[in-house]
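Enquirer: Read off the chains here:
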Amino acid sequence: MPGVILLVATRKGAWLFRGDAGHTRWNADGPHFLGHVINHMVLDPRDGRTLLAAGKTGHLGPTIFRSTDRGGSWMEASRPPAFSKADEGESAPSVDHTFWLTPGHPDEPGAWYAGTSPQGLFRSEDYGDNWAPVAGFNDRPGARAAAGGPQDGTPDGPKLHSIIVDPRDRQHLYLAMSGGGVHESTDRGANWHPLVQGLDVVPGFDPTNLAVHDPHCVRLCPSRPDRLYQQNHCGIYRLDRPSEEWVRIGKTMPSDVGDIGFPIVPHPRDADCAWVFPMDGTEAWPRTCPGGIPGVYATRDGGASWTRQSAGFPSDQVWWTVKRQAMIADALDPVGVYFGTTSGELWASRDEGETWTCVVRHLPEIYAVEAAVT
Amino acid sequence: MTRVFIPSVLRSYTGSGEVTTKGNTLDEVLTDLDRRFPGLRFRIVDEQDRIRRHIRVFVNGQQTVDLDCRLAASDEIHIVLALSGG
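Sequence order for the protein chains is A and B.
Counting in our numbering, the first sequence runs from 709 upward without gaps.
Counting in our numbering, the second sequence runs from 10 upward without gaps.
Next comes chain A alone, as it looks inside the complex (with noise of 0.2 Å):
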């Protein structure tokens, strides 16, 4: 029986968990790069042993870190994402973390694409080691007003992140930034159009305003890639392609967990199937488990209708936050779900969230888990 591989990122470095077949034992590996500020670290599945790791420290600029060996050794980008040099008299933003990785097209090895905050795009050919900007992204027409002002990204800065590459068409991308809204590219990048129609926003604010939309989270379908789930700001989102109206399945949440969160994760087989894990979204937006009871919740018919997965976790008096990256599943059968929270616990479920381990505790905080089945 396959093994899996935990790819978690945190604020002070990066731990790879190993897991036996049965997910009975975890043998730890890290931390690597401790004290950097590690925002996502991603196997490429394309080849099953480059590592690509984000990171930056409280000083020093950010940089990629790459590994050819599953994280054995370590190499730095040679050309890390970096936005390109205004001109004189010229103001132009510059990177302060890149906050995204997604491997490229299984037709393309060695491209992959990053998202960074503030908000850009970049693009790798050669395996992550040189980056360069993705210029019809990041230099379209109202692309700085669609990205709006520091008030109108998170708390860490705003970011583009969700980068999806669809499996059937290397041509065919969509991304996500917090503020800016959901967007697609038909042409590899070259031109792009926003898809935030059917999308709620903070009352108060015009829905028009591509700077007001704050998609938290995007994960297409892998057995329906005309199938995208999306966990925003203002509800829980499902868009079935061609249509370009997203439909908001939270409703149908229970009303005192509501549908605000950050992570929403895809079945791998099943497109009826996801999981979200909410937070209370009401008055001063405190982002931890409601009520302090916590709960992941399954939807097995594409949003009609959410049931409740808590087995394993602690019954009360619990505050976790999850991060948008924090929460993944696995391709097994039955397929193993995973998520960390802020407080540095990773937890893994083996049988689609129906029961709940411990992985880990103690950790930093943790602002990604990944999935490889090795």
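Keep in mind the hints are simulated off the structure, nothing from the lab.
Glycine is no exception: its CB is placed at the ideal position from the N, C-alpha and C atoms.
One or more of the hints may lead you astray.
[Said to hold, decoys possible] Facing chain A, according to a computed beta carbon distance under 7 Å, are these residues of chain B, among others:
1) 48
2) 51
3) 55
4) 56
5) 63
6) 64
Start from chain A and add chain B according to the hints.
Expert: Just chain B, lined up with the frame of chain A:
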């Protein structure tokens, strides 16, 4: 040759806390360092040629943010980490 004092967090690049470089300006010194220790400059200076927010550079004890500042061979440069919280 200009002496440059390297903070601990950058010694994975240089291998030591002090290196000597050549260059008539701070920009040329950092470029020389990057040629010898690839990647070092971008950790200190962003793509718009601004010294990063939590880095301080001192030339003979005087802080500078000007990459074009002129240097003499006898100058000493200290690259220092500013406070940036936990």
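Enquirer: Each hint: holds or not?
Expert: A quick look at each hint next to the structure:
| no. | hint | verdict |
| --- | --- | --- |
| 1 | 48 | holds (5 Å) |
| 2 | 51 | holds (5 Å) |
| 3 | 55 | holds (4 Å) |
| 4 | 56 | holds (4 Å) |
| 5 | 63 | holds (4 Å) |
| 6 | 64 | holds (6 Å) |
In summary, this structure violates none of the numbered hints.
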